[in-house]
Every structure is written in C-alpha cells, then in structure tokens.
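Peer 1: Line order of the protein sequences matches chains A and B.
When we follow the working numbering, the leftmost residue of the first sequence carries the number 1, and every step to the right adds one.
When we follow the working numbering, the leftmost residue of the second sequence carries the number 1001, and every step to the right adds one.
The hints are simulated quantities; they were obtained by calculation from the structure and are not laboratory data.
Hints may be right or wrong, so weigh each one.
[Unchecked claim] Counterexamples of contact, computed for chain B against chain A with all Cβ distances above 12 Å:
| no. | residue |
| --- | --- |
| 1 | Leu1037 |
| 2 | Asn1095 |
| 3 | His1136 |
| 4 | Leu1297 |
| 5 | Tyr1402 |
| 6 | Asp1426 |
| 7 | Thr1525 |
[Said to hold, decoys possible] With the Cβ distance kept under 10 Å, some of the chain B side facing chain A (calculated, not the full set):
| no. | residue |
| --- | --- |
| 8 | Ser1181 |
| 9 | Leu1196 |
| 10 | Val1212 |
| 11 | Glu1348 |
| 12 | Leu1350 |
| 13 | Leu1390 |
| 14 | Gly1395 |
| 15 | Val1398 |
| 16 | Val1411 |
| 17 | Arg1475 |
[To be verified] Output of the computed footprint for chain A on chain B, the stretches with three or more beta carbons under 8 Å from beta carbons of chain A:
| no. | segment |
| --- | --- |
| 18 | 1215-1221 |
| 19 | 1237-1250 |
Using N, Cα and C, we set each Cβ at its ideal position, and we do this for glycine too.
The lines below spell out each chain.
Protein chains: 2
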Amino acid sequence: MLGLMQQRELLISSFLDYAEAYHPTVEVVSRLRDGALHRIGWGGIAARARKLAKALQRFGLRRGDRVATLAWNTHRHLELFFGVTGSGIVLHTVNPRLFADQLRYILNHADSSVLCFDVEFAPLVADLAPHLPSVHTYVALGHRDELPDHPLPNLVAYEDLLDAEDADFAWPRFDENSASSLCYTSGTTGNPKGVLYSHRSTVLHTLSLMAVDTMAISARETILPCAPLFHVNCWGIPYAAAGTGAKLVLPGSRLDGASLWELLRDEGVTFAAAVPTVWLTLFAWMEQQPGLDPAALKLRRVLSGGTAVPRLVIETLRDRFGATLQQAWGMTELSPLGTVGNLTPRHEALDAEAQMALRLKQGRTIYGIELRVVDEAGTPLPRDGSSVGLVQARGPWVLSGYFKGVGGQAVDADGWFGTGDVGTLDADGFLTITDRAKDVVKSGGEWISSIELENLAVGHPAVREAAVIAARHPRWQERPLLLVTCKDGRSVTRTELLAFLEPKVAKWWLPDDVICVDALPHTATGKVQKAQLRRDYADWLERG
Amino acid sequence: MLGLMQQRELLISSFLDYAEAYHPTVEVVSRLRDGALHRIGWGGIAARARKLAKALQRFGLRRGDRVATLAWNTHRHLELFFGVTGSGIVLHTVNPRLFADQLRYILNHADSSVLCFDVEFAPLVADLAPHLPSVHTYVALGHRDELPDHPLPNLVAYEDLLDAEDADFAWPRFDENSASSLCYTSGTTGNPKGVLYSHRSTVLHTLSLMAVDTMAISARETILPCAPLFHVNCWGIPYAAAGTGAKLVLPGSRLDGASLWELLRDEGVTFAAAVPTVWLTLFAWMEQQPGLDPAALKLRRVLSGGTAVPRLVIETLRDRFGATLQQAWGMTELSPLGTVGNLTPRHEALDAEAQMALRLKQGRTIYGIELRVVDEAGTPLPRDGSSVGLVQARGPWVLSGYFKGVGGQAVDADGWFGTGDVGTLDADGFLTITDRAKDVVKSGGEWISSIELENLAVGHPAVREAAVIAARHPRWQERPLLLVTCKDGRSVTRTELLAFLEPKVAKWWLPDDVICVDALPHTATGKVQKAQLRRDYADWLERG
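Extracted from the complex, chain A is given alone in its bound form (with noise of 0.2 Å):
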C-alpha cells in the first residue's frame, strides 16, 4: 500500500525558489577580477538566473545538454549553478588549474556545447577551442567591454546575453533522477571519470548540509567558501545558501591574507570553507601586519576537507580566533560529503588534549551516508578505531556509476562503493583516513601507512617534502621507500632521516631506504605523482 503524500519531485530550483520569495535582499557578494566587491541579493541571483535559462533556452539547448565552466566564485558562476540546473541542462563546472590536455579530454568526454568562461581565463579557452568539436558557443562571463580579442566561434557576452532577456520564466518541473550537474574527479592514475550528479542527490545533500551535526548552515550564517565553485560544486553550499538564506562572500580569484582578512572583517564571516593551504597563507599574512585583532573576527565556524588539517591550524583557529574547525571528509563520488567534525555532548565533556584528538580524526558519519571498513577479502572490520581497512560508502548521494560507464561497475551487489582510501572507523562513527589504498605500502600481510611516515619525515627541519611508496621486496612482498626533497640549502642523509623516526614509528614500518631527490613530480592539482614514482622507483630495493 503507498502512502497518499504529494508526490513533487526534488528540484534544485527550489532552494532558489525559496530564497527569492524569502531572502530576496539577503547578500551575495564577490570579489571580482580588477578586486573591487559586487553586491545582489538573492532576489537578484533568481532574476538573473531566469534570464540566463531563457538565453539558455535561446542557444537551443535542451533537457541533459552539457554547459561548462572555467570560473572563479563569483555571482556569475553562482547564476550558472542554478540557471543551468534549473533548466534541466547539465552544469559542467572544470577545474582550470588542470594540464590542457587533461581539460581537452573532459570537455571533449563530457561533449559540452556552451563553455561560459571567466574573462581572465582566455588565453586558455582560446588555446583549447580548436580541440572542442562539441562546444558551438563561448560565453565570456562580464561585459561586453571586457569580450577577450582571441578568436573564438559564437563569443558572446554573459550580460549582453542576460541583457537581451526578461525574468518571466518558470522554472520547468521533471523527473527529480534527471542529471543536474557533472563533475570529474581528479584521479591521480588514468583519465578523469565523470561524476553526474541528480537533482535528487543534490536536494539530499543539500538538506544534510543544512542539518545541526552536518554543516549546520542557516539564515544566521555568512559564509565565505573558500573552495571552488568547480571543486564538487563547492562541497554544495551554494546550494545550501540558497535553501536557507545564508549569505555568501565569494572571494573570486583572490585568496590572499589581505583579501581574506578584508572580507572576514567587512562582510561579518560566520562559517568559512577552506582547506588548510589558505588558513597558513592568512597567518603569515596577520604576522606582517600590527594590530589585528581576530578575536573581533564574527568567525566561528571554519570547516575543512581534502587534507588532514595540521594541529597548528586548529589551536590557532580556536585560541586567537574563537573559531572552531571542523574537519570534514568527502569526495567527489559522494556529492561530496561523508562525515563532519561535531562533538557530541559526550565528546565535549572530555578535556582539552582528548577533544583534539577527535578534532584531528576526519569527522563523524553523517545521517544519510552508511560508512565501513572492509578488509581486502571485503569483510567488515570492527568499528573500534583501530581495525585499518578500505572504506567504502553508500547512500542516496553516492554515485552509482561513472559518466558513460568508464571504469565499468562502480559500485558493489550491494551498492557499496569502494572510495579508495584507507582508514578506521571508531564507535563514535569518526573516520581517520590513514592513506590511499593504491599508496599503502603492504609489507608482510601487514599495512604501512605512507602518509603518516611522510607526516613524520617532513617534522624533520631540513625536508621541505616527502612522498613513501611501496617498493617490492623479495621476502615481504612490498617494504616502504622514502623519497624526500630538502630545503633550501639544507640536507638530509639516509642515517639522519632513519634515526629522525626510529623512536616515532614502530620498527617494522622504519623504511628500507632513503632517497634524496632535487624535485617530485605533481600533478595539476598539487598532489604529488606517485604512480610515477612507483614507476621509477618500484624496483629499487631489488637493484641492489
């Protein structure tokens, strides 16, 4: 028997919907390309993303058509999140940090046919676009004034396009399961695979980011997200900020401590979103300046992903601040979020040093995402905080296959899906992420941890980086080789390096050799290469 409840779908524009009719003068602010602040209000976001849906509507473009981005966060990208998706066309949001052969590739897989691009980036929209059979038209996100001299087919203008166009239009109402949006994962090995994101997923997620013991945004909130818009749709809080009102300080290309610290102060920053990299770029920022004061800071939520967050970051967040930082942890196949740092009233009646210790751990399960850790034969391992093993997800906001079925099932019989890192689930449902599986080092049966020896070995004063892969050993199959690169002017031997973490690790997890190289390799993103160190350096403990 089915229950007699109205059966309207889950839309994305209804988080506009609801910030238009509710929050129309509640900000959106950014910073845009020359520095200065645009200001709107949510009401103004709505009108112009409804202009940007008939222009859409215009280009020919129909239902699960692709439009892509290369932006920063600004007020336009944010039109486009919901312009785009509102229609029922499929947000394509790209990483512009990428190797243009790997932003040839997902342009090209994804066959988008409208690239909106921000002003700055065209040089290398023009650079590409010979290699874009799929994109008809290139949308120049400012002024007309501002349209890029490179040669591109069918440029035009974002506000020439929003100018020629009315508000009138309503949203379109279809199968909430329609694709909403497409991100690619950044994948250290292989091509990029396309995650494509459902309305339905989205309101999902976006209801838990809006949950107390998830990210807990609200009307009261001002946020500052740090994170890409391009980065899975920005963890999802525009989305959020549209359902509830919040307000949004869009920081553009500018993450600078002076730019930080001017909105941070001038626009009353509640909850910011920034990985690690930014928060130490504002703290040597605040040490050249006199007289700041951030305890005067509105800041009191800071959240963070995609890296373990130093402890450093954390005391100063808390103690100069008032801020508190709440490590989270997701991927893009997950919408992305899987678990968020909240205490219980349990965990905050611990003392100081017990509490960190969980502030360290990568957050607690959410409602709405089923987290384990599984061995390699796939059993579960017991949730007791120790038992390391692959941690694999499910829920209505995992993805359940790959753009076109690149890399074939992505998930298990029973809709798990093996997430590719390694780590423990405690009681509390905190997830400590110890490495990634194909990095782990496997020595004997038993599991080394690559990143907690590359944590130790840069505590040494004169490594400036350091990556550990597995090399194979004839008697414990894999045994862990330790790549360092040394500050300036300083230098590191294999003796000192090993005596440096004798006393920290135990002995079986000691590396078997140490290598001092000039550079290791990154990708786009940052990450060092290591599938290309394993290629180099695999056989290494066997050469001798």
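Following the hints, complete the assembly by docking chain B onto the known chain A.
Peer 2: Same frame as chain A, now just chain B:
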C-alpha cells in the same frame, strides 16, 4: 538524461540504524505508569524494535497492514514507531482521549489488525473490542503480570512477545512511497479523516526537522516531547531524535508541574515541545515551590504549536528560564510542519518589542513547504502581513488525498492543499493565523476574525471562555455573535462587555450581541464545538 546516483530508498528504518550504530548508549528515558523512570539506550530500542518486527511477522502481518496504538509517550510506544513502520506495516496511532464513537469509527475505518494499548486503557479497550471486527490481536504494553482482567481476544503482553524473539532481523527494503503511518484529523465537523504518510514523506520531513532553521534537532539535544506520540507522530520528533542520536525524555501520561520539573532538572532537557497549557501548569506549580531556580536548567528552546501562544508564556520562558519559545504551525495533513518561529540576523537586530511581535506569529515558512494565502476566488494575495486569506500548502510532505478517498479531492490541480486556516503571510514568510475558514465572520464581504474577538473577550476579568460565531444578518450576510461563560461567582452584561471591547477593535468588528451561557460544548480534545453553536444560534439576530 538521468543522473548516475544510487537509488537508495528513503526508509524510516535508516533513522534507527543510525542511532543504533553511532549512539547506542544515548538514553531514552520514560516515565512509567507508577511514576518510576525507565532507561534504555538507542541500541536497546533498536534491538527491541527488531524483536517486535519478528513478532509482527509471526502474527502473519503483511506489508500495508495496520497496527493501531492507544498509548502515552513511553519507550514501548517509541519501539512501535520503528518496529512497525520498519517492517513495512502501517502504524496507526490513535488519540485515547477521543469519544468512544470516534474511536470505534477510526479503528474500523483503518481496518487495524492489531491494537497495542497502555494497560491503563484496558477498560476503554474492553468496551471497544466487541465493535472492532478487524482487530484479531490485542497487545497490552507491559509485562504478563500487568495483563488486564478484561476479556479480550488474543490478548498478549508486549514483553512476552519480545521475550519470545531474538533481535536477528534486518529491516526490509521496499518502495519509499510505501505507507508508513496513519493519523486521523480530529475534525470538529464530520467524521475524522485519515492521512496516510509514506516513508519518503516522513524521511524528508525528518530531514527538515534536523535543519537549523526548522527544529534544529541534533546529537546535542536532550528532547522532552510533551506533545503526544499519537499527535501527528509527535511532530516527527521521534524520527529526528533517532536520526541524530538525541537523548529523548518521554513523560508518559504525567504532565503535572512536579513531574515535568523533575524531568527538566534531572535529565538535563535542552529542548521541549509542548502546548502553552503545559507551561502554564508548570508555572502555576512553580509558584507554590520555594527556592526553584529555572535559570539553572539546561532548557534553551521550547517549541509550541497547535494554538497561539500567550505573550506571558514567551516572556516567562525568556526571562526566568533563559529559553526561547518558538511557535510552529502545522497540521496532520502537513506531517505536520509548515512554519517554525526562527528569527534571522536581520530580525535579531530589531528591538525587543519588534522581536516579540514576530515571536507572537505562528512561525516562518520552512524550506520544503510552499505556503500562500488566497482570496475566496483562489487568487494569491500579497505577502504583506496584512492581506487576510485562505492558507494553502504544497510540498513533498503534504498529503495528496485522504485515506480511502474520504472527502474527495484534497488538493487542487496544481497540488495546493486548502488548510482551512485563515491568516496572513509577511515578506519574510512569517505566518499569522487569524481564524479557521469555517469560523470566520464574513460581514459585507470583509472578514472578521472570531479568534481575535475571543482572545479579547477572555481578557475581561469576569469571562472564563468565549466563542464567536457568524450569525446570519439581513444586510451584512453575517455578523459576529459573542457567547461567553463567566467565572464562578462573576457575571457580565452585554453592555459591559461591548464597552470593554469597543476601544480594542474596529467599530465594525464589534459583536452585534453578547449571550451569557452556562457552558459551551467541547470536542474530545477540548476545542469549542462551533458547529454546534452555529446550529443553535445562527439565526439569533434574525429572531429578534
């Protein structure tokens, strides 16, 4: 093009799974019949709910069958919330305060197979049983030694049922649109009508309850729901408590001042949901107790709905308890939530009196529900805080029709449900209910609020209770007629009462006559039966 995300069904069992996995030791505290407190963790609730599910299977119940309850707020009733719905069976909660003929009608209309009841309702159930052909099993919610002596077919003790099972049971997965629970409106006219919720509507409604701007239920809260579990699923609080791992404090049948104070103080209640009467009872009891310090309680938020909240209650909670009262508005047909009185930063910048004016409204429209006011022709009215019209609602947790089609079409072609309430909406989405549509007085095309006149009339020191009805009028179609009862030993004349009202209302709002009566007729839930009054007095002004 469809997205490529998991089609994981939204099922109520996911809330209990979450509580069991991550908050197994968080307590559910229940006041038992003898006044003692019973304690169990969410892990225990989950294990017992699974045993219950196995027992229901043994009864031969199939998906879609109905299990009815007549019970107060205790852990056993809570277990039924999860054990029944999680099995795909429909939980039919019944208000034991209804008149016997209503109970018979509702239980027969629902075709419930099993009736679970608190032992104290045994005499009531014994009277009902001969008239309930569909009920084949009676479950007394207690131990075997508490079984009543009344002759009931297939009478079993709940604890015996559970003792006979183990907890080795996995919640089934099924269509998220399957019916989950059934609540009947208390309808002041005609027979009660059933609202049949689905798992999907319940999960979406519950996600809203976790949102900061709605009920903000989280792992941080200790929740005292004085609202009965049989009243629209206790506003959905049990589901949200499980889905966040909040501590629950269930007051049983005891809502007296001493009992509530003990729970508030000893259990560290942070959030309570209760109608104003409960608070007025508590305040009256507190006045008799020396040395109480309500400011020392952990109570910070109070939710109240179902009736307008007197200013005194809001002020006392604020000034003596340090707690914020939030009005909420909803109805059985809305699962029930439509508005919650959360202020935004802009409102919090207002002065105390302006804030109070907002707190006296029935709450702010929440994301997920669309509300509008329309005139009698169905034309939407402006959201200006003053245009009075019929309130309509739409959304994924609004009904599409009543159980078994009773009452015909419940929503219009666009999905709008006519709530039967009359009121205003302002630009921020704050709702003010001025009347029920069937009670409003339509005088020469203008509407006069019966509720507002009644609230003013009871301000007269001699008046105990007041009711305003529309009496037919030869020129104005309808004019207000005021009926009052007087406090013991007090009396008031027509002239005195009209003189009292005259400075408080527009001249054309003044009742055309005042009738002092010995008593007003009431429904089982304590509402004045205006339908009865209309039958008796509608021609009063024409009689003269």
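Peer 1: For each hint, tell me whether it holds in the structure or not.
Peer 2: Verification of the hints:
1. Leu1037: 19 Å, holds
2. Asn1095: 20 Å, holds
3. His1136: 18 Å, holds
4. Leu1297: 15 Å, holds
5. Tyr1402: Non-interface label on Tyr1402/B violated, nearest chain A Cβ at 7 Å vs cutoff 12 Å.
6. Asp1426: 10 Å, violated
7. Thr1525: Per Cβ check, Thr1525/B is outside 12 Å of chain A; nearest 23 Å; holds.
8. Ser1181: 9 Å, holds
9. Leu1196: Status holds, d = 4 Å.
10. Val1212: 3 Å, holds
11. Glu1348: It holds, given that the least Cβ distance between Glu1348/B and chain A is near 8 Å, below 10 Å.
12. Leu1350: With a minimum Cβ separation of about 15 Å from chain A (threshold 10 Å), the hint on Leu1350/B is violated.
13. Leu1390: 18 Å, violated
14. Gly1395: OK, holds: Gly1395/B within 10 Å of chain A, min 6 Å.
15. Val1398: This interface hint holds because 5 Å falls under the 10 Å limit.
16. Val1411: 7 Å, holds
17. Arg1475: It is violated, given that the least Cβ distance between Arg1475/B and chain A is near 40 Å, above 10 Å.
18. 1215-1221: This one holds; 5 residues, not fewer than the three required, reach chain A with a Cβ under 8 Å.
19. 1237-1250: It holds, with 3 qualifying residues against the three required.
Consistency with the previously given hints fails for numbers 5, 6, 12, 13 and 17, ordered from lowest to highest.
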